[in-house]
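Visitor: So the sequences go chain by chain: E and H. Per my numbering, residue 6 is the first one in the first sequence, and the count goes up by one each step. Per my numbering, residue 6 is the first one in the second sequence, and the count goes up by one each step.
Calculated from the structure, these hints are not laboratory results. One or more of the hints may lead you astray.
Selected chain H positions facing chain E (in silico; Cβ < 10 Å) [unchecked claim]:
1) Asp100
2) His103
3) Lys115
4) Glu121
5) Phe142
6) Pro160
7) Pro164
8) Phe174
9) Asp179
10) Glu187
11) Ala211
12) His216
13) Asn357
14) Ser381
15) Tyr384
We put the CB at the ideal spot given by N, CA and C, even for glycine.
One letter stands for each residue in the lines below.
There are 2 protein chains.
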Amino acid sequence: MVSPEQSHYQNLSMAKHGGRSKTTYFFSDTFLYAGGALVAFLLVWALLSFFSLSPNPTPTPSFSSTSFTERKSAGVESLDASPAQGCPDGASSFDMVHDPQDQNFYDDQKLSYSIEAPPVKNWDEKRREWLKQHPSFAAGVENRILMVTGSQAKPCKNPIGDYLLLKFFKNKVDYCRRHGIEIFYNNVLFQPKMFSFWAKTPTVKATMLAHPEAEWIWWIDSDAAFTDMDFKLPLDRYKAHNLVIHGWPKLIYEKKSWTSINAGVFLIRNCQWAMDFMDVWASMGPQAPGYDKWGEILSTTFEDKIFQESDDQSGLVYLLLKEKEKWGDKIYVESEFYFEGYWMEIVGRLDNITERYKEIEKRVGTLRRRHAEKVSESYIPVWEEYLKDAGFGRDGWRRPFITHFTGCQPCSGDHNKMYSGQTCFDAMQKALAFADNQVLRNYGFMHQDLLDPSTVNLVPFDYPA
Amino acid sequence: MVSPEQSHYQNLSMAKHGGRSKTTYFFSDTFLYAGGALVAFLLVWALLSFFSLSPNPTPTPSFSSTSFTERKSAGVESLDASPAQGCPDGASSFDMVHDPQDQNFYDDQKLSYSIEAPPVKNWDEKRREWLKQHPSFAAGVENRILMVTGSQAKPCKNPIGDYLLLKFFKNKVDYCRRHGIEIFYNNVLFQPKMFSFWAKTPTVKATMLAHPEAEWIWWIDSDAAFTDMDFKLPLDRYKAHNLVIHGWPKLIYEKKSWTSINAGVFLIRNCQWAMDFMDVWASMGPQAPGYDKWGEILSTTFEDKIFQESDDQSGLVYLLLKEKEKWGDKIYVESEFYFEGYWMEIVGRLDNITERYKEIEKRVGTLRRRHAEKVSESYIPVWEEYLKDAGFGRDGWRRPFITHFTGCQPCSGDHNKMYSGQTCFDAMQKALAFADNQVLRNYGFMHQDLLDPSTVNLVPFDYPA
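Just chain E, with the same shape it has in the complex (with noise of 0.2 Å):
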């Protein structure tokens, strides 16, 4: 084919000597035609591989995502439930089987995954490499989430502890298979030191280094229940923050309360940031040589704080104190959901949720439709309609999002002595039931009875109409 500079010069030599032929001015044309076409070609080659776009039509959508209804109190930015636009394309999304020999920052000696060396350093530079050299883990990586979860390597003291557990586990499993989260459940200490609560940075540094695919990693307590299995986290708010937690900020700064914040669950970026922090989060634990003078200062600091010893839920509202400027302005501390809920407040009022939903069932045929469990995000904004005045908190009757059963200490069974064994262990009976009825609607069943985990019916076609 005549490439463009040809053709042109061709048309300048031909001015040059006058007059043309019919023929002439064909192929003249033609060349100049093509040569155009192969430069738009080429054009839109370059540009489709540079964007990455799939032009491909979107589907038509009927339950389209929407954002949520706007929230009452002024100020509040809308949650929303669902991605912009759906996704057209479905050819598999990774890449697993190319890992070019291009040096990146595994190639590095000087890589630690232990929380004991220095945090890595240029780690956003790092991902950001990694990712163009894996480009089919790049497109959607903001809005990617690993879940982290886990429990000690020994049989649990608690008779019963492994099976609740397994079915805390099961319950994480269930709703990252709803919502396409990956999720690693870690059951040994990455630094034999630091046991406990003490275990999470050592995880989460560890996977943040061997998932550079995932945006955010998102460690639930192994006492942390879903209960609402459709539920997504509402990203687009913590864009500008680096960890997300659970807590009150007028504890926080007012009253200076350990409880304050709950460091069982929560959401941390994969980026430099996070790995600075974390290792000044973890410089208070066992391990340290600071953790003494730790247990000093937190128990100074925070006058309800019960036990002498330092603990990272002291440790990190500590920081959010006294160094707002480096750590405390990239958390965000989340109060208007249950990011992580306390089960004495929410076990009580599970019947009348229940019951709440099961009225707007009775209403809205869509919602009784039977469908796959893999289009379940589709019906959230449905949901949402008749869900905008329910309420997020205690006063409300939305499904609260995380259950988490602080003080009934599953494992070990020494529980706060508040409330009985039996009183915790009944509770995460009916509120991991709750969940699993969310889940197994989509299998055709359901359990009757939240107290009576081994008996579930078939449910009726159009239930509950």
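We have chain E; now place chain H onto it with these hints.
Guide: Chain H alone, transformed into the frame defined by chain E:
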């Protein structure tokens, strides 16, 4: 912009009118060029839309997918480790937020999730219709697997039963995460009378209906673990079959042994044949009128059957033996690798296997390279070069794919009297740690002692060089 036709007419008209000025030449040439460009642009756009291609240049493959080295034994299909091509487009694969209002099988009142209802009719067409309505799930559907496993609803009788089940579950989740497979853990009997091993078909049927996007359902018993975290099912081998089990044809057809196959691990296609098959298979179960009769038939047919009652494994062999055309011909009896492996012939060899693999790693720098968990599959072809003579069976030293602790009964603790409870426990701990080491490697750690699940060490850079 001038259309191609317009510029063509312009040229004709100019030709008619004789001579042209330089400016006229320039403008008409430009129009031609631009016109050609526009047409080419539209053509490329249309073509790309039609073929759903994103014209990203494929990154230079280094560890590109290749078939396994041909196996020595004649007539054996070579096992293909990875898909034939990389997947350049990283856009999220599934559109989970659209469920068109068009009617499909879910809207049929006669659809039942229960194993006791007659099998669904025209299931293949119904799945196809659903996929048409949900095109993002159609691409890649032929290799899409959903793993299913589970255990009882109540705590295990064995005090460490749930502890072991939790670890077996983690093991499966690890395998699934490495290979992009979904997993559903069921812990309630969908048909209350179909207890124990009978619980599989009720679970699998409901799962098939809940997951029309899954081509294969892969049932794995709660006491089976993945001990080769890299190996992938050679799905191409099963193209013409609908059910895959591990077994020995000689033991089925000649010896007529009830242990000629193992029903604890099976791969079943989400299709009409499977629905019909499961209906027949389940009709031998405790909830069915023919249960006692089947007990007699199976005990008579299989001389080595140890207990009188009908069981699903004997039932399956029976169907293979007696109904070859209807069932047998579509059931692939896999005996060339540990699609399911008996732990007693495996666990004693794990230390040797560990050494052999370590020897290879010492020699091959590429295999020592740290990498993201998500691209572990890239290294399969590199390993294959060195494993081609390793051998898949009991006389070889390949990592066994799946190790099944038949006879150990971790949940009830009622193990076969051939071995002690301690023997079983140690064997399970060892196999699980052997597998965990393959996973933890990407997180920077490993167990030194396979019998000590509590301890891991940091893996040095370039280990084990």
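Visitor: Need the list of violated hint numbers for this structure, in ascending order.
Guide: Those not satisfied come down to hint 13.
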